[in-house]
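Please construct the entire structure, taking both the sequences and the accompanying hints into account.
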Amino acid sequence: MIVLGIESSCDETGIALFDSHKGLLAHQIHSQIDLHADYGGVVPELASRDHIQRLIPLTQSVLKASHLALSDLSGIAYTQGPGLMGALMAGASYAMSLAFSLKIPAIGIHHMEGHLMAPLLEENPPDFPFLALLVSGGHTQLVYVYEMGHYEILGESIDDAAGEAFDKTAKMLGLGYPGGPEIARWAQEGDANRFRFPRPMTDRPGLDFSFSGLKTHTLTTYESTAKTPKDRHDVAAGFQQAVVDTLIIKTRRALEETGLKRLVVAGGVSANHLMREKLRLMTQKVGCEVFFPRLEFCGDNGAMIAFAGLRRLEARERNNLEFNVRPRWPLSELKALSTPRGL
Amino acid sequence: MKLLAIDTATEACSAALLLDHQWIERFEIAPRQHNQLILGMVQSVLDEADLSLNALDGIAFGAGPGSFTGIRIAAGVAQGLAFGLGLHVAPISTLKAMAFEAFSKHTHELAAVAIDARMEEIYWGIYRRLTDGSLDALIEDQVIRPEDVLMPDGKNMLAVGTGWATYGDLLTAKTQTLNTLIEPQTFPRASAIAQLGAIVLANEEGVPPESVLPLYLRNNVAKKMAERFRVE
Ligand SMILES: Nc1ncnc2c1ncn2[C@@H]1O[C@H](COP(=O)(O)OP(=O)(O)OP(=O)(O)O)[C@@H](O)[C@H]1O
Ligand SMILES: [Mg+2]
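So the protein sequences, as listed, match chains A and B.
Each residue of the first sequence is one higher than the last, beginning at 1 in my numbering.
Each residue of the second sequence is one higher than the last, beginning at 1001 in my numbering.
Hint data in this document are derived by calculation from the structure and do not stem from the laboratory.
Ideal Cβ placement from N, Cα and C applies to all residues, glycine included.
Hints are not guaranteed to be accurate.
[As the list claims (entries may be wrong)] 27 angstroms max Cα-Cα, derived DSS-like pairs, lysine-lysine:
#, chain 1, residue 1, chain 2, residue 2
1, B, Lys1155, B, Lys1105
2, A, Lys168, B, Lys1224
3, A, Lys278, A, Lys261
4, A, Lys261, A, Lys285
5, A, Lys230, A, Lys168
6, B, Lys1223, A, Lys171
7, A, Lys278, A, Lys335
8, A, Lys103, A, Lys22
9, A, Lys64, A, Lys171
10, B, Lys1174, B, Lys1155
11, A, Lys227, A, Lys171
12, A, Lys103, A, Lys335
13, A, Lys227, B, Lys1224
14, B, Lys1174, B, Lys1105
15, A, Lys103, B, Lys1105
16, B, Lys1223, A, Lys168
17, B, Lys1105, B, Lys1002
18, B, Lys1224, A, Lys171
[To be verified] Distance windows between CB atoms, simulated:
#, chain 1, residue 1, chain 2, residue 2, range
19, A, Glu122, B, Asn1203, 50 to 58 angstroms
20, B, Glu1204, A, Ile158, 27 to 35 angstroms
21, B, Gly1040, A, His67, 33 to 41 angstroms
22, B, Ala1222, A, Lys227, 22 to 30 angstroms
23, A, Gly176, B, Lys1002, 46 to 54 angstroms
24, A, Ser71, B, Asn1203, 42 to 50 angstroms
25, B, Ala1226, A, Glu122, 49 to 57 angstroms
26, A, His67, B, Ala1226, 42 to 50 angstroms
27, B, Arg1145, A, Lys22, 44 to 52 angstroms
28, A, Ala37, B, Glu1140, 31 to 39 angstroms
Structure, rendered in structure tokens:
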């Protein structure tokens, strides 16, 4: 079975082809970073306008790279939510109509299910169940993953997501967009211990996060300096350290409380080197295995959607012609896959 | 020519199958339900004609102006269908389709079409009926403040579209000297888009699916940081 995966929930158009026997055949990501940079953040209408002109060229390009034709496809998976309504709708309209014209099934995929499946694209994928730390632009969640489709949210951010905190903090420091990689870059030459940053909510029980106070604290700290490049390096380093420590403290707590021995980390922020390094150390210490996506599949991509779609299509799930998108869609609403008959 | 047409640009949603000179159509006023309805409508007209998708010669769609999400759904559907079937596409102005629809019911020479574009503007275009039945744009489609439109004079004119309801007083004040029939409840229809699309495709002016884009008209959708600071 060969599945075309289509991701268009935010500011990346991702298209990929996944084969049930050969694995990932090809993938392409078109990032809109340059398009939104002048606006200081994603402009939803501009994002939608860009997606609609990328979908076919990217599809053509992955087909060409795999020496395949449209007639070789057995199904299409697209991101149905959560995300920006217009951006999701562009991908859904195209995906559903292409599937309709080819007379093959189509399935809408939950974007965060895509993210948390991304490490399963690597060699030696984790077995179920596992703990997932989802850290992206819109989400910070600790999820008990019983099996594909069966998710329990153990904790999440009560305000800003971790990626959002990186982005907003970078903006306050006058750094570029998106903020995560910028802060990580500036932090490299910074002294993380020069200023004191809080580790929000770590002194309380529970697995929820809060990053909005940390963001304000960072601004106050930066305002109290002469704003030299050195100050900026040090503030960036201190902030990054505080976010990473907070994530690690809560993740460790979740591993201990659930007794799970496998940790999956996914979403855009999982590309952060400091976090990867510290998570490796922590999991070693507590005797757990940790799994990351390759760097290019931390952020949004079509491969994770194609892969999740393959699993769901194999379980005979499909959309009817009345397609819909879900800009807000709790992960916990999903259902475990039914085992297909005959398998 | 066997042509499939779709329209989701306004609160109306429709699909039509043109079989040479006759057509089958599904049409509904269904705000914000286009995504749920459109493919079902396509399936339904094909079923009624007992025609398979592979028998089609082309696709036409209402490219805009209209609701941004609506015209993107239409473009996405047209792209998906045409790419999958290896067909060319005729993008049709929704204002032109509305003029075509109004002309089919009346004998007037001109149609001034207005759709409410919000932000105190309208999408505006004026079409003239030529003797061979084709349509010529007297005023090209544009987004404009209703007080700034220029009305033609000395002609029998149809005033078409919801813009004439929202800005009725403003617009009719400019048309006092004319014999004007106001038809605010005219919507774009896939049957009109199909007939206009057939001309486009017959003239080999269709576009490949990868070139199918919505016609937004309004392009200043956000302010850059630099512009924002200039204002403040
Ligand atoms: N090296 C990094 N360090 C920290 N944050 C990073 C890094 N690289 C990317 N990010 C952050 O990751 C986020 C983007 O991730 P992703 O694309 O998964 O989010 P999204 O798709 O916008 O949101 P969601 O997946 O929740 O809908 C941005 O906030 C970005 O700043
Ligand atoms: Mg994402």
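These are the hints, each one checked on the structure:
no.: 1; hint: B/Lys1155 to B/Lys1105; in the structure: holds, 17 angstroms
no.: 2; hint: A/Lys168 to B/Lys1224; in the structure: holds, 17 angstroms
no.: 3; hint: A/Lys278 to A/Lys261; in the structure: holds, 17 angstroms
no.: 4; hint: A/Lys261 to A/Lys285; in the structure: holds, 12 angstroms
no.: 5; hint: A/Lys230 to A/Lys168; in the structure: holds, 20 angstroms
no.: 6; hint: B/Lys1223 to A/Lys171; in the structure: holds, 17 angstroms
no.: 7; hint: A/Lys278 to A/Lys335; in the structure: violated, 33 angstroms
no.: 8; hint: A/Lys103 to A/Lys22; in the structure: holds, 23 angstroms
no.: 9; hint: A/Lys64 to A/Lys171; in the structure: violated, 39 angstroms
no.: 10; hint: B/Lys1174 to B/Lys1155; in the structure: holds, 14 angstroms
no.: 11; hint: A/Lys227 to A/Lys171; in the structure: holds, 14 angstroms
no.: 12; hint: A/Lys103 to A/Lys335; in the structure: holds, 26 angstroms
no.: 13; hint: A/Lys227 to B/Lys1224; in the structure: holds, 25 angstroms
no.: 14; hint: B/Lys1174 to B/Lys1105; in the structure: holds, 24 angstroms
no.: 15; hint: A/Lys103 to B/Lys1105; in the structure: violated, 38 angstroms
no.: 16; hint: B/Lys1223 to A/Lys168; in the structure: holds, 18 angstroms
no.: 17; hint: B/Lys1105 to B/Lys1002; in the structure: holds, 24 angstroms
no.: 18; hint: B/Lys1224 to A/Lys171; in the structure: holds, 14 angstroms
no.: 19; hint: A/Glu122 to B/Asn1203: 50 to 58 angstroms; in the structure: holds, 53 angstroms
no.: 20; hint: B/Glu1204 to A/Ile158: 27 to 35 angstroms; in the structure: violated, 60 angstroms
no.: 21; hint: B/Gly1040 to A/His67: 33 to 41 angstroms; in the structure: holds, 35 angstroms
no.: 22; hint: B/Ala1222 to A/Lys227: 22 to 30 angstroms; in the structure: holds, 28 angstroms
no.: 23; hint: A/Gly176 to B/Lys1002: 46 to 54 angstroms; in the structure: holds, 52 angstroms
no.: 24; hint: A/Ser71 to B/Asn1203: 42 to 50 angstroms; in the structure: violated, 30 angstroms
no.: 25; hint: B/Ala1226 to A/Glu122: 49 to 57 angstroms; in the structure: violated, 42 angstroms
no.: 26; hint: A/His67 to B/Ala1226: 42 to 50 angstroms; in the structure: holds, 46 angstroms
no.: 27; hint: B/Arg1145 to A/Lys22: 44 to 52 angstroms; in the structure: violated, 58 angstroms
no.: 28; hint: A/Ala37 to B/Glu1140: 31 to 39 angstroms; in the structure: holds, 33 angstroms
Comparing the model with each earlier hint shows violations of hints 7, 9, 15, 20, 24, 25, 27; every other hint is respected.
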